[in-house]
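Protein sequences appear in the order of chains A and B.
Position 28 (the first sequence) corresponds to 28 in this note's numbering; numbering is contiguous.
Heads up, this note's numbering is the position in the second sequence plus 1000, with the first residue counted as 1.
Don't take every hint at face value.
Claimed, not checked - What follows is a list of derived Cβ distance ranges for each label pair: (1) B:Asp-1322 / A:Arg-254: 33 to 39 Å; (2) B:Asn-1323 / A:Leu-197: 36 to 42 Å; (3) B:Gly-1119 / A:Arg-79: 32 to 38 Å; (4) B:Gly-1119 / A:Arg-276: 52 to 58 Å; (5) A:Gln-251 / B:Asn-1055: 28 to 34 Å.
As the list claims (entries may be wrong) - Quick list of in silico lysine-lysine cross-link-like pairs, PhoX-like style, CA-CA up to 20 Å: (6) B:Lys-1240 / A:Lys-240; (7) B:Lys-1053 / A:Lys-271; (8) B:Lys-1191 / A:Lys-240; (9) B:Lys-1275 / A:Lys-271; (10) B:Lys-1137 / B:Lys-1271; (11) B:Lys-1278 / A:Lys-275; (12) B:Lys-1275 / A:Lys-278; (13) A:Lys-275 / B:Lys-1271; (14) A:Lys-240 / B:Lys-1137.
Because the hints were derived from the structure by calculation, they are not lab data.
All C-beta atoms, glycine included, are put in the ideal place defined by N, C-alpha and C.
There are 2 protein chains.
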Amino acid sequence: MGSTGVRIAIDAMGGDYAPAEIVAGALRAKEELGVKILLVGDLQQIEAVIPPKTNMAGLEIVPAEEAIAMDEEPLNAVRKKRKASINVAMDLVKNNQADAIFSAGHSGAAMASALLRLGRLPGIDRPAIGTVFPTIKAGKPVLILDVGANVDCRPKFLEQFAVMGSIYSQYVLGMPEPKIGLLNIGEEDTKGNEAALRAYQLLRENTQINFSGNAEGRDVLSGEFDVIVCDGFVGNVLLKFAEAVGGVILQILREELPQGLHGQIGTAILKPNLKRVKQRMDHAEHGGALLLGVNGICFIGHGSSQAPSIFSAIRMAKEAVDNQVLQRLQSQYQILQSESD
Amino acid sequence: MGSTGVRIAIDAMGGDYAPAEIVAGALRAKEELGVKILLVGDLQQIEAVIPPKTNMAGLEIVPAEEAIAMDEEPLNAVRKKRKASINVAMDLVKNNQADAIFSAGHSGAAMASALLRLGRLPGIDRPAIGTVFPTIKAGKPVLILDVGANVDCRPKFLEQFAVMGSIYSQYVLGMPEPKIGLLNIGEEDTKGNEAALRAYQLLRENTQINFSGNAEGRDVLSGEFDVIVCDGFVGNVLLKFAEAVGGVILQILREELPQGLHGQIGTAILKPNLKRVKQRMDHAEHGGALLLGVNGICFIGHGSSQAPSIFSAIRMAKEAVDNQVLQRLQSQYQILQSESD
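Just chain A, with the same shape it has in the complex:
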């Protein structure tokens, strides 16, 4: 491997369309973004999906004998299958042979592997899974975390999510002074469940972030907030609802628009515009989720990820590395720790 260029380790065996779509997205990223790709997994399966005339410069295949299936209990599987692709890929980051990792496989296994092999960042109690939602304002996404790693959150976890999310929003998503919101059921500081009430106070007193108050469900897509923190239970419900609602709306459009002769003509004329509607509602543009709080840059893709999502996730990973997000997270919390000593 060369000494320049961001190196991304890819779990080629993870995801519903692995390895074909994973490899396709990674190869595109290598060409368009100039990253180095380390494909981790079954040698034969990976080679079988690399097109014959592919430029192999910047591409490396790292063999891994096993893979973790979607229905395995994550912690056990990660411990027992030491040579699973997710573990081998994670070790590349640990041993500084890669700068970031991406997997569209079992997200619980990716998280367990990251925790066991990379460990947590100093000052972080619990890593969180963050994901980027598009908002009503074009080019102004919002980062939601946690969307599933921690179902019961103590208020200080939410505070840690806010600090990590703020750094990520600023240095990867390019938002200056990110506005941080606390997901809640009212705007007033007297609203919410016990955890939210206490988290509100912690966030308001934290001088490292630009806390903008409570964000209600209706504010998630308004573009008024750059980062919204919540526990992993409500975040996961929201994420899965949001992913499904796009499909519901598209089905309603498919059922209603072509009705009648004028409907069929109008729909045919509008085809390119309807395609743009679909794109704006599509999550693929925004890549995967990220695991914030472990000692490495980890991106997690949806199990159903195909090449465009893989490409987007790798682009985000490159941004994170280029902008030294890990170093910023590490130093942020060193400061915090020395302050509290």
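Dock chain B against chain A, hints included.
Chain B in isolation, oriented as in the chain A frame:
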């Protein structure tokens, strides 16, 4: 008042468009549904918005000197303003002068007034606010509760919500053997936060309901469940997100569809079909929320409710009365209590 016909007390002063839209919706309901309407509020303001040639049969105006504003602290306001329209309307139900009540005003005040004046049903610890979402299956709505009354829920509250929701789904929404889901972050019974894990066991053991397991965020709109129970924190976030997402999608359609000459032509041709899309995504068809667990039939409308929503809510209230939902709820829990004695 006659001895036949369902009598609905309406808080004519509650809501952003009160009293004009409230009265308009109520008058339509009187004509089309044959219900008797008791409009509660400021006599002059109400009379001013009743069209001159209105048939006054089945219509009564019950004066109330005060009203509760949206920014008042609900419990205090309900206690201090004894003659507020919501209190006077609630007393009509309490004194058996009305069979049900509807208010689009301060929902916290409506809830406080219901609790203070009607009290809870026997066997119910906490009333819940339920709301009906459309699903991807036409004509198959899903009832979600709680959407905001109880931010921290004990597992047995969720069980009570399930039993009440099942009765409501069967006798008002017309679902035979309603399928009950527990909102959670995975399908397996080992998933979820502490409250969800314990609620799962209670729901599985309850023989009064048809428990169909965990419902994830993606299952909310799938039509696979007839009732989904959750705590009021996550339910409220979900409700407000769902209400907003329709608007976001409509804005994307408005921005993208008319672009270019073909876009303008196609959009013009599709106008009637786009209107149907808007209608299907509109909550107005499904009326208000209901307050389940108080000793009376109470419907609560969105503050922004206009005549069509008011009409829908009154139709639902009539269904609830016609199908003796309150009596069924009362007897259900008498059985439960005698079983546990």
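Query - Structure versus earlier hints - violations, ascending order - result: 3, 5, 7, 10
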